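Enquirer: Sequence:
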Amino acid sequence: MMDVIRRSHLRGAARAARDDGRKLSDMRTHATSRKVIIVEGKTDKSRILKVLREEVDVVCTQGTLSYEQVENDIVPLQHDEVYILVDADAAGNRLRKQLKRELPNAIDLYTRKSYREVARTPLEHLAKILADAHFEIDEQWLQVRPPRRERVPKTVHG
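The sequence shown begins at 1 in the UniProt record's numbering and counts up one residue at a time.
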């Protein structure tokens with residue numbers, strides 16, 4: 001089962017729904033659109049929640065999607081503002097393609113290929129990715145850091 005977490009008050013509701021055997025999506029109406037970020041793993045989810053300052057649902061796919069997961073957890077997101085942030089590797093690209101088939105209006109967010117995984121992306125860079133997509137970010141992650149001082153080679157005067 002996919003793990004769905006809301007940034008604040010829905011954590012308890014999600015836990016209660018899971019304990020009752022219901023899906024969190026069954027508890028919601030689609031009258032209002034909500035922001036949802038789809039990621040691969042639990043570490044990705046926890047790092048994203050660290051930098052966010054607004055209420056956002058983060059859906060963790062555990063890397064793959066079965067037919068049941070698509071029908072129960074992904075299709076109900078069609079009326080929401082969905083963002084896809086997965087690893088910059090072959091498995092992440094396959095998952096992104098599968099999600100885009102089900103959610104063609106989803107917005108793609110990308111980490112740098114040099115980081116490869118969302119879990120290894122520095123929090124400052126994740127904050128920038130999300131801020132550029134108009135999410136409210138905790139200010140500490142958006143502070144301008146002083147530039148690194150370049151080493152100037154010593155010259156020998158003779």
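Honestly, I wouldn't trust all of these hints.
[Claimed, not checked] Taking lysine-lysine and the DSS-like style, the derived pairs with C-alpha atoms no more than 30 Å apart in a straight line are:
| # | residue 1 | residue 2 |
| --- | --- | --- |
| 1 | K113 | K97 |
| 2 | K35 | K128 |
| 3 | K100 | K42 |
| 4 | K42 | K128 |
| 5 | K113 | K100 |
| 6 | K50 | K97 |
Please keep in mind that the hints were generated in silico from the structure rather than gathered at the bench.
No experiment lies behind these values; they were computed from the predicted model shown.
Enquirer: A separate judgement is required for each hint: does it hold in the structure or not?
Expert: Right, here's what the structure says about each hint:
no. : hint           : in the structure
1   : K113 with K97  : holds (17 Å)
2   : K35 with K128  : holds (17 Å)
3   : K100 with K42  : holds (21 Å)
4   : K42 with K128  : holds (20 Å)
5   : K113 with K100 : holds (20 Å)
6   : K50 with K97   : holds (27 Å)
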